[in-house]
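**Q** Sequence:
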Amino acid sequence: MNLFKKTYWLIYPILIVVFMFIFDQLYTMDNFLLKGGICAVLAFIISPRKKIILTQTGKKKQITWMFLKDPIVLEQ
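Residues -15 to 60 in our numbering are what the sequence shown spells out, letter by letter.
What the hints contain is simulated information worked out from the structure, not anything from laboratory work.
Mixed in with the good hints there might be a few duds.
[Stated by the list, open to error] Just the calculated beta-carbon pair ranges, DEER-fashion:
| # | residue 1 | residue 2 | range |
| --- | --- | --- | --- |
| 1 | Thr39 | Thr(-9) | 22 to 28 Å |
| 2 | Lys35 | Thr12 | 18 to 24 Å |
| 3 | Ala24 | Leu58 | 21 to 27 Å |
[As the list claims (entries may be wrong)] Computed cross-link-like contacts, EDC-like style, restricted to lysine to aspartate or glutamate with a CA-CA straight-line distance of at most 16 Å:
| # | residue 1 | residue 2 |
| --- | --- | --- |
| 4 | Lys44 | Asp54 |
| 5 | Lys35 | Asp54 |
| 6 | Lys43 | Glu59 |
| 7 | Lys45 | Glu59 |
| 8 | Lys19 | Asp8 |
| 9 | Lys35 | Glu59 |
| 10 | Lys53 | Asp8 |
| 11 | Lys44 | Glu59 |
| 12 | Lys34 | Asp54 |
| 13 | Lys34 | Glu59 |
Glycine is no exception: its CB is placed at the ideal position from the N, C-alpha and C atoms.
Could you build the full structure based on these sequences and the hints that come with them?
**A** Structure representation (structure tokens):
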């Protein structure tokens, strides 16, 4: 989990590249902007979200992702 805390922001660009490869294999399209836009939207939907939660001790940053059971709390 420590590695995920430091590199969660890399997941979004990696997902775009993975979706580009998958989309290129399934459907050949010449329009790069349309293919990139579709892949970016899919990557945005699946990528982790960073939220700021207000607690009694103060604000805390929290990472939630659909593939994780519990949210990860970042130190401030």
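**Q** All hints, please: hold or fail.
**A** Hint check:
1. Thr39 - Thr(-9): 22 to 28 Å: Once the Cβ atoms are compared, 25 Å apart, the range 22 to 28 Å for Thr(-9) and Thr39 holds.
2. Lys35 - Thr12: 18 to 24 Å: At 38 Å between Cβs, range violated.
3. Ala24 - Leu58: 21 to 27 Å: 25 Å, holds
4. Lys44 - Asp54: Given pair Lys44, Asp54 holds - Cα atoms ~15 Å apart, limit 16 Å.
5. Lys35 - Asp54: 14 Å, holds
6. Lys43 - Glu59: Roughly 10 Å between the alpha carbons, so the hint for Lys43 and Glu59 holds.
7. Lys45 - Glu59: 7 Å, holds
8. Lys19 - Asp8: 8 Å, holds
9. Lys35 - Glu59: Holds, because 13 Å separates the two Cα atoms, which is no more than 16 Å.
10. Lys53 - Asp8: 32 Å, violated
11. Lys44 - Glu59: 7 Å, holds
12. Lys34 - Asp54: At roughly 13 Å apart (the allowed maximum being 16 Å), Asp54 and Lys34 satisfy the hint.
13. Lys34 - Glu59: 13 Å, holds
The structure is inconsistent with the numbered hints 2, 10, although it conforms to all the rest.
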